[in-house]
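Chain A is fixed; fit chain B onto it per the hints.
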Amino acid sequence: QKEVEQNSGPLSVPEGAIASLNCTYSDRGSQSFFWYRQYSGKSPELIMFIYSNGDKEDGRFTAQLNKASQYVSLLIRDSQPSDSATYLCAVPRFSGSARQLTFGSGTQLTVLP
Amino acid sequence: DAGVIQSPRHEVTEMGQEVTLRCKPISGHDYLFWYRQTMMRGLELLIYFNNNVPIDDSGMPEDRFSAKMPNASFSTLKIQPSEPRDSAVYFCASSLSENQPQHFGDGTRLSIL
Chain A
1 QKEVEQNSGP LSVPEGAIAS LNCTYSDRGS QSFFWYRQYS GKSPELIMFI
51 YSNGDKEDGR FTAQLNKASQ YVSLLIRDSQ PSDSATYLCA VPRFSGSARQ
101 LTFGSGTQLT VLP
Chain B
1001 DAGVIQSPRH EVTEMGQEVT LRCKPISGHD YLFWYRQTMM RGLELLIYFN
1051 NNVPIDDSGM PEDRFSAKMP NASFSTLKIQ PSEPRDSAVY FCASSLSENQ
1101 PQHFGDGTRL SIL
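Protein chains in written order, with my numbering: chain A, 1 to 113; chain B, 1001 to 1113.
One thing to keep in mind: the hints can contain errors.
[Stated by the list, open to error] Result set (DSBU-like, lysine-lysine): computed pairs, CA atoms no more than 30 Å apart in a straight line:
{"hint": "1", "chain 1": "B", "residue 1": "Lys1078", "chain 2": "A", "residue 2": "Lys42"}
{"hint": "2", "chain 1": "B", "residue 1": "Lys1068", "chain 2": "B", "residue 2": "Lys1024"}
{"hint": "3", "chain 1": "A", "residue 1": "Lys56", "chain 2": "A", "residue 2": "Lys67"}
{"hint": "4", "chain 1": "A", "residue 1": "Lys42", "chain 2": "B", "residue 2": "Lys1068"}
[Unchecked claim] Partial list, derived from the structure: chain B residues whose beta carbon lies under 10 Å from chain A:
{"hint": "5", "residue": "Gln1037"}
{"hint": "6", "residue": "Leu1043"}
{"hint": "7", "residue": "Leu1045"}
{"hint": "8", "residue": "Ile1055"}
{"hint": "9", "residue": "Phe1074"}
{"hint": "10", "residue": "Arg1085"}
{"hint": "11", "residue": "Val1089"}
{"hint": "12", "residue": "His1103"}
Since the hints were derived computationally from the structure, they do not count as laboratory data. Cβ atoms here follow ideal geometry from the backbone N, Cα and C, with glycine treated the same way.
The following block holds chain A by itself, in its conformation from the complex (with noise of 0.2 Å):
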């Protein structure tokens, strides 16, 4: 299993609607989760991060976190063209004496006007 498994995608959604991306993780030890918004040609932007089980909100952003089950998604409402980028999830695991991020692949959205 990998470290960090997202669907590649592309995921197309049309505008207004509900974009929901998902991750799993396979350390249980993991303790914070992340997700950077890379566009073609950037470099990768923090958007949303979440430590505890359940959801965080922040704006149209919700970040759903389930240690149990090891997975992590991020829902982007009111999906506007502008959010068409690839999401990267972040998860922590030791490299050397500390905890580092290990990013996945990256879904990759389209949101279609």
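Relative to chain A, chain B alone:
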């Protein structure tokens, strides 16, 4: 506040040449990371530093790659000799501490002919 600064933004060079990529982390961040991103392999961690000390270089692909961090505000990634398969986007990122979000620079797009 200034973010992570990388230079150059683009580099095109011939196979066999030495390539040096540079990074200035966010002031006060104790961790610095070098990543490589390709379509085939996604975002890969090459090496990271804590307080200027290399902690884990297990992601460095070959002895042709080396990285240094002589002080808290500067790091280099060198490839010598370079090969066409080294062509990728190289990102530098920094974070305040372990398990904290990483902030990425704009990246260096490297093309080896």
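Hint check:
1. Lys1078/B to Lys42/A: Judged against 30 Å, a Cα distance of about 22 Å means the pair holds.
2. Lys1068/B to Lys1024/B: holds (12 Å)
3. Lys56/A to Lys67/A: At roughly 14 Å apart (the allowed maximum being 30 Å), Lys67/A and Lys56/A satisfy the hint.
4. Lys42/A to Lys1068/B: holds (25 Å)
5. Gln1037: Nearest chain A Cβ about 9 Å off; hint holds.
6. Leu1043: This hint holds: Leu1043/B lies near chain A, its Cβ roughly 4 Å from the closest one there, short of 10 Å.
7. Leu1045: holds (7 Å)
8. Ile1055: At about 4 Å, which falls below the 10 Å cut-off, the nearest Cβ of chain A leaves the hint on Ile1055/B intact, so it holds.
9. Phe1074: Violated: closest Cβ of chain A sits about 19 Å from Phe1074/B, beyond 10 Å.
10. Arg1085: It is violated, given that the least Cβ distance between Arg1085/B and chain A is near 19 Å, above 10 Å.
11. Val1089: holds (8 Å)
12. His1103: Status holds, d = 7 Å.
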